[in-house]
Amino acid sequence: MPAPTAKTFRKRRGVIPGFGLTLGYTIFYLSLVVLVPLSALFLKTAAAPWADAWETITSPRVLASFRLSLAASLAAAAVNAVFGLGVAWMLVRYAFPGKRVIDAVVDLPFALPTAVSGIALTTVYAPGGWIGRWLEPLGIKAAFSPLGVTIALVFIGLPFVVRTLQPALEDLDPEVEEAAASLGAGRWQTFRCVILPAILPALLTGFALAFARALGEYGSVVFIAGNMPMKTEIVPLLILVKLEQYDYTGATAIASAMLVLSFLLLFLINAVQWWSARRHFAEG
Amino acid sequence: MGGTAKSQLRGRRAAAGLAAKGDPGWVKWLITGASLCFLLLFLGVPLVAVFAEALRKGLGAYLESFQNRDALSAIRLTLLVAAIAVPLNLVFGLAASWAIAKFEFRGKSLLVTLIDLPFAVSPVISGLIFVLLFGLQGWFGPWLAGHGIQIIFAVPGVVLATVFVTFPFVARELIPLMQEQGTEEEEAALVLGASGWQTFWRVTLPNVKWGLLYGVILCNARAMGEFGAVSVVSGHLRGQTNTMPLYVEILYNEYNFVAAFAVASLLALLALLTLVLKALVEWRTQGESEASPAPATAATPEAEP
Amino acid sequence: MSIEVRNVSKSFGDFLALDGVSLHVPDGELVALLGPSGSGKTTLLRIIAGLEAFDLADDGAILFDGQDVARQAVGRRRVGFVFQHYALFRHMTVFENIAFGLRVRPKPNRPTKAEINARVRELLQLIQLETLERRYPWQLSGGQRQRVALARALAIQPKVLLLDEPFGALDAKVRQGLRRWLRRLHDEIHVTSLFVTHDQEEALEVADRIVVMNQGRIEQVGTPNEVFHQPASAFVMDFLGNVNLFHGRVEAGRAVFGSMVIEPPGGLQIDGESARLLIRPHDLEIQPDGEGRSGLRGKVTRVQLAGPVVKLELAGEDNQPIYVEMSHDRYRQHPCTVGEKVFVTPRDSRLFVEDYTI
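Residue numbers (the working numbering), protein chains in the order written: chain R, 1 to 284; chain F, 1001 to 1305; chain H, 2001 to 2358.
Errors might be hidden in some of the hints.
Unchecked claim - Residues from chain F that keep clear of chain H, each with C-beta distances beyond 12 Å, as calculated:
no. : residue
1   : Trp-1197
2   : Leu-1205
3   : Val-1258
4   : Leu-1280
Said to hold, decoys possible - Keeping only pairs whose Cα atoms sit at most 30 Å apart, straight-line, the calculated DSS-like set for lysine-lysine is:
no. : chain 1 : residue 1 : chain 2 : residue 2
5   : H       : Lys-2341  : H       : Lys-2311
6   : H       : Lys-2107  : F       : Lys-1209
7   : H       : Lys-2173  : H       : Lys-2311
8   : H       : Lys-2113  : F       : Lys-1209
9   : F       : Lys-1057  : R       : Lys-141
10  : R       : Lys-99    : F       : Lys-1057
11  : H       : Lys-2311  : H       : Lys-2299
12  : H       : Lys-2341  : H       : Lys-2299
Unchecked claim - Listed below are several chain F residues computed to face chain R (Cβ distance under 8 Å; list not exhaustive):
no. : residue
13  : Ser-1035
14  : Phe-1042
15  : Ala-1049
16  : Leu-1079
17  : Pro-1118
18  : Ile-1129
19  : Val-1131
20  : Ala-1145
21  : Glu-1186
22  : Leu-1267
23  : Leu-1269
24  : Ala-1279
What the hints contain is simulated information worked out from the structure, not anything from laboratory work. In this text, a Cβ means the ideal position worked out from N, Cα and C, and glycines have one as well.
Sequences and hints are given; from them, build the entire structure.
Written as structure tokens, this is what we have:
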């Protein structure tokens, strides 16, 4: 951040007081709580021998966990993109009794502590559980398998897709659809050629948000995953495992790799939003 | 005013949809049916399961789960942690949103991104960074050990990790709300002779009170429910550093399912209360914004990365 | 209390919003700051109020009754400011809004509860909203909000009253009524008032004096009569009402606009310069024939009889449109139809040679 001169501040600031105080406190508290602790992680990684860190990250067990985390997160985000669009569409377009309740319940994964959702999902999807008992005869092992991990990640990611799509769907100008219909487009054509392109940035953002959250998720996954090495261990769990073995270097290395991944995603999300805002601005 | 502006708007759109561009009946049923089934399987059943499992052996067994020292100490610690983390982040949220919404300065969007940072960090990593700082092998570890201060595997560590994880909630709610409301009312108050504090307390704060409340509710829910980050720093000392979610884990791993779900049901009730309060706040803001020129979207839930 | 602005400039980044503006507003007058958007009028108003700081210059100053207030905080200046969008406190009732300025006074100067009540009631009566004191801003119409904003500004007994586009956000009908009400109100309370507007009709109707601004500078200061009938520049004339604009050149001491020649008394010294002639539509006369007089030929393309005056549209030489207005009486004497060829002569006009007024 280039230091602005006092003069530019005076020009833009007007009469409202408290700028120095509030900005100063904001930066101070941000540094204290977030920036300094986070930089500890990177400094620790940088201080460790690169070869060791690389060895940790490329060990078969860690690689397997990265594969699982990425695959399950992608699968969950994809499921959420499809069903999240359905839920958002239903909540915005259709009127039905109990809509307000459904609308509120979508936020449950935000509000429910992850440990609670973890044990609840495990109990429901375990063999003999309310849903698991119907899946068992079909030869589907839901809990304690990669599928279980995906189920938990679907749960945790749903609100991201729905809550990003809802405003985008509400903002759609009904006249555009009417115009498409008046020009002879069928319902499906209208959706594919008019509606979908308009909500695509929101859909992508929702997908990326759900994916990012799924990558880092811990609480709701560890119970249902079963945590078998090489098979159902997620990356955050491995960090914890390394910590419990007092392997701080290993834990730090994995964490740094994950953090870089998360930041890349964050950057991507911001880029999508910037792109869509610009497009919106150019149109409107 | 029965219906809110938004639902009226949606209603109008729905009506327009019926007239000119409505989905065919079977599409409607398909989407609604599939969506409701999906929500039922992924949200409804697990939520009901929490209470069903908790009450599996009857109300007596359920209530007994709270009758021991460890359970009570977990509840007490959870309340204590929230009581520290929420006010800290509330004050920060007010300061940050004031600076960001009322003034123009360079690097503002960078600052907003940095405030959101804790959302992008895995909970486990959020715990790890404090271990790296204050753990025995951490930067300040030896010094702290020399002075007999313990942070990791103790209550301060739990508090720190929670503050980190819940850091953005209030600020994130308030920034867009305050930005939308602009600075005219504050200017009006100042012209009329109000001091900075008077302007803040009498004009700004009442205008954002519902958004503020919403942010605090979310912040509190997360503070009480945080699991991953706290799990790393707590050390799982029964009766000392166990919060409710950690206690749930221990009970569950000991196959004490009724007790585990009993404690979990308290957290689930907290979550439901959060959802209800959130709906109320949303309803309030929409009601108030109905006739005001700038509709407040404060309570429109936002996705947190 | 008089207001004096002395050589004030203000820039936002590269944009120069005010370029060395000086202005004197005598005590008790109602003055309009008139100009197009971006002319700096709102910026000037906000600087006078203290809501905006001006660029530091050696001799820049704002004086109230000769006293420099540039360093005085906004709350100390005792100005009443009415915001364009009213900026009513949305969580307060009408009563609380008006009482705000009194309630936030420091303890020693704060009026008692009874005094505040009395003062607010008095103001509610003044703005004729006694029955609505418990309403919230969102329950009021635009015109009512406007009056509440005014009462709130008056509650602190301001030394000067500043209004930013006071009628900008209202529809035409309400605007008319409020304008006259503001004029009457000012005649009653006589507080020095300055209001910003981009509506020339509003300025002509309400103000004692008009300050015409353009591109951060003051073009002219004068009574409505002066700025309308003796505009100091082509801009002022163009901005205050409709005009026909003709481009021509100075030749042999005369300004030539096609077949129309203007000969100012004493002649013009600067040959070869381009000249602009501005004529208001009602200053043009239509004759069936030129009879050797200086004027323009044109063909009637449109006749609009509906309305208080008759409006004619003509296609002149090079198809340049010419607008003419006349009374119905006069039109009845010489009615003309679309397609008819006529001759137009100016009764009155203003000639500008390189902004050199004649």
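Now the hints, each set against the structure:
| no. | hint | result |
| --- | --- | --- |
| 1 | Trp-1197 | violated (10 Å) |
| 2 | Leu-1205 | violated (10 Å) |
| 3 | Val-1258 | holds (48 Å) |
| 4 | Leu-1280 | holds (17 Å) |
| 5 | H/Lys-2341 <-> H/Lys-2311 | holds (16 Å) |
| 6 | H/Lys-2107 <-> F/Lys-1209 | holds (27 Å) |
| 7 | H/Lys-2173 <-> H/Lys-2311 | holds (23 Å) |
| 8 | H/Lys-2113 <-> F/Lys-1209 | holds (27 Å) |
| 9 | F/Lys-1057 <-> R/Lys-141 | holds (28 Å) |
| 10 | R/Lys-99 <-> F/Lys-1057 | violated (34 Å) |
| 11 | H/Lys-2311 <-> H/Lys-2299 | holds (14 Å) |
| 12 | H/Lys-2341 <-> H/Lys-2299 | holds (4 Å) |
| 13 | Ser-1035 | holds (4 Å) |
| 14 | Phe-1042 | holds (5 Å) |
| 15 | Ala-1049 | holds (5 Å) |
| 16 | Leu-1079 | violated (14 Å) |
| 17 | Pro-1118 | holds (6 Å) |
| 18 | Ile-1129 | holds (4 Å) |
| 19 | Val-1131 | holds (7 Å) |
| 20 | Ala-1145 | violated (15 Å) |
| 21 | Glu-1186 | holds (5 Å) |
| 22 | Leu-1267 | holds (5 Å) |
| 23 | Leu-1269 | violated (10 Å) |
| 24 | Ala-1279 | holds (5 Å) |
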